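K.L.:
One-letter residues, chain by chain:
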Amino acid sequence: MSEIYRKFGRTVRYDGGMFLRVEEAGQATETEQTFSCQPIARTVDLPDIEPDVVARTVRSIESVVSAPLTIERLVVSEGVAEHEFNDRRWQETTRRIHLSIVFGSLRALVDLAEFDIDAISFVAEALVRAGEQRRAPARIRIASNVSAALLPSLAGLAPPNVRLWQTAGGIDGKGEPVADHEIASTTYPNWYRPSYRTRPVRAPFNLRATCDVNAIDEDLPRAIALLAPPAGLSLRVLCVDAGDVYPATVRVARIDAIATATHWYPYAAGSFGAEMML
Amino acid sequence: MTAPSHFAIVTRDELWSLDRHTVLESRLIHGSAEQHGNRIDARDDSDDELRRLCDAECDRLREALKGLREGRARAVASATRVGGNVTTTSTISATVLDLSVATTLPHLAPDYEMLVDLASVKPTVDTDYARLPVVWRNGSGAVLLHEAAGHAAEHGHAQLAWPRWLSATDESEDGASNLLAGEAPRALRRQSFADVPLRRMTNVVIGSDSDSPLPDSRIEVLLVAGGRYEPLSGMVSLFVSAADEIDGGKSSRVRPFMILESRASIAAAMRGALGPVRRYPGVICSREGQELFVGSYAPDLITDFR
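Taken in order, these protein sequences are the chains called E and V. At position 184 of the first sequence (counting the first as 1) the number is 184 in the working numbering, and the numbers step up by one without a gap. At position 269 of the second sequence (counting the first as 1) the number is 269 in the working numbering, and the numbers step up by one without a gap.
No lab work stands behind these hints, which were simulated from the structure alone. Fair warning: this is a prediction, and the values are worked out from it, not measured in the lab. The beta-carbon is built from N, C-alpha and C at its ideal position, and this holds for glycine as well. Just so you know, not all the hints are guaranteed correct.
Stated by the list, open to error - Below, computed lysine to aspartate or glutamate pairings styled on DMTMM-like, alpha-carbon distance capped at 25 Å:
no. : chain 1 : residue 1 : chain 2 : residue 2
1   : E       : Lys174    : V       : Asp13
2   : E       : Lys174    : V       : Glu25
3   : E       : Lys174    : E       : Asp244
4   : V       : Lys66     : E       : Glu84
5   : V       : Lys66     : V       : Asp13
As the list claims (entries may be wrong) - If we take Cβ atoms under 10 Å as the criterion, some of the chain E residues that face chain V in the derived model are:
no. : residue
6   : Gly17
7   : Arg21
8   : Ala28
9   : Thr34
10  : Arg42
11  : Ile71
12  : Arg73
13  : Ser105
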């Protein structure tokens with residue numbers, strides 16, 4: 001039996017100094033053994049995207065990331081899509097920022113699902129004060145934007161006092177609602193399909209970690225930004241410790257507490273980051 | 001210099017199981033992009049002439065794949081229109097056991113034969129590239145300089161004191177650039193219609209005035225699985241997937257290893273070259289999410305990191 005998925009999409013994207021407006025529609029057909037895809041007629045009327053919103057966001061980012069900082073890569077996008085799988089149709093809108101900021105030999109990575117300039121400004125203001133590499137503190141707080149990137153690596157490896165969840169919300173790549181589900185291993189109930197050209201794979205959506213202890217010691221040093229993508233349970237981060245800012249490598253062996261307030265970040269099929277205490 | 005205002009592409013991308021001779025995955029991609037200053041309007045239109053050319057090239061690819069009996073292959077045929085200029089390209093990434101090559105249709109048969117031959121020898125020993133001179137066989141020295149000089153030039157990084165006997169040039173229809181002098185590639189390239197054109201390498205050609213003797217004891221690099229240039233640190237990493245350690249008349253296949261060096265230390269490690277310029281199968285170069293085939297040509301280079 002073959003499964004047919006269709007997607008109709010429109011995006012406005014700033015990438016490498018260019019503003020791109022992309023209109024496309026396509027169909028993917030999958031059997032147990034094979035996958036094929038091709039463009040189809042753009043027969044769905046999609047809402048317009050105001051390109052000035054992306055342009056204004058780019059200007060705002062460029063104004064807060066200024067010398068001696070440099071922008072190594074900046075991608076800002078807004079998109080709208082209609083999906084169809086069997087007889088189900090659903091729409092989604094997305095906003096994304098991918099930014100890498102350079103200061104000397106340091107690169108801070110920012111990935112956001114909204115046009116939040118304050119989050120970028122916060123990282124930029126700290127990065128410009130960064131000193132030499134130090135050993136990671138024995139106890140440290142991990143900001144939600146950093147812990148969100150860590151969560152996909154915790155699947156199947158979470159410490160015993162931490163539970164990992166898929167959080168209900170949205171529709172998966174085969175038209176099924178994403179429901180609450182505890183992630184106890186690396187088997188997942190839903191399908192992730194970031195593009196009609198990508199063969200869907202099972203993946204956890206909207207990851208969230210919980211812990212019996214929620215109280216965070218606000219006096220601890222805090223990892224506020226990633227300086228490299230996570231390498232398993234190892235995080236290269238920018239730490240703020242009282243008045244000092246420095247890069248350090250944190251190895252996540254134990255998680256002592258996870259705050260209850262969460263924020264969604266666009267890592268893999270989505271992660272709800274929360275302040276963590278290691 | 002601004003990019004041409006009109007770009008169109010049709011691509012067929014197929015993943016083949018060569019053992020079963022079946023297509024596992026098949027993708028048709030087409031679209032066009034109109035550039036006005038820093039704005040690009042892109043849509044998935046189909047250009048009929050490009051579609052015919054791409055389909056004909058894809059038929060040739062499928063015919064060529066019939067002769068291959070082992071492993072997997074990703075075959076990509078594209079026809080592109082840049083301004084008024086139409087070109088057709090095809091690349092094949094073939095994998096047998098743990099080894100892969102990226103090549104083009106005219107060279108598929110000999111490169112696949114080399115791949116099967118390399119995959120038939122099991123690695124038996126570990127090696128340390130900092131203990132012996134390294135001879136970069138099969139044109140693989142072009143991959144070393146692709147990373148150490150080519151990407152540095154793309155990023156506009158300061159030039160280094162490379163040996164006078166060595167040259168590294170990126171050649172494309174838009175002209176040649178001296179990579180060792182830090183000249184950025186001339187060609188603006190993009191993977192597809194929804195991508196931003198970037199200055200990227202097209203064909204890296206290494207030249208040499210050196211005719212060095214072959215060291216008696218050496219590591220011979222035969223195949224490189226991948227490489228990376230880190231622009232902030234200037235560090236180059238290369239993943240060597242097939243190599244032999246030669247000690248006098250004895251040869252042993254070594255287990256895959258990684259070379260991690262700064263580009264400055266790579267420039268300082270250049271000892272010489274020998275033999276004619278050879279074509280390396282090729283490199284699928286990934287940068288900013290866009291994968292592009294880069295041709296690679298070099299004589300046998302000798303480096304020494306001791």
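K.L.:
Confirm or reject each hint.
P.N.:
Hint-by-hint comparison with the structure:
no., hint, verdict
1, Lys174(E) <-> Asp13(V), "23 Å, holds"
2, Lys174(E) <-> Glu25(V), "18 Å, holds"
3, Lys174(E) <-> Asp244(E), "48 Å, violated"
4, Lys66(V) <-> Glu84(E), "36 Å, violated"
5, Lys66(V) <-> Asp13(V), "16 Å, holds"
6, Gly17, "6 Å, holds"
7, Arg21, "5 Å, holds"
8, Ala28, "9 Å, holds"
9, Thr34, "6 Å, holds"
10, Arg42, "8 Å, holds"
11, Ile71, "13 Å, violated"
12, Arg73, "7 Å, holds"
13, Ser105, "5 Å, holds"
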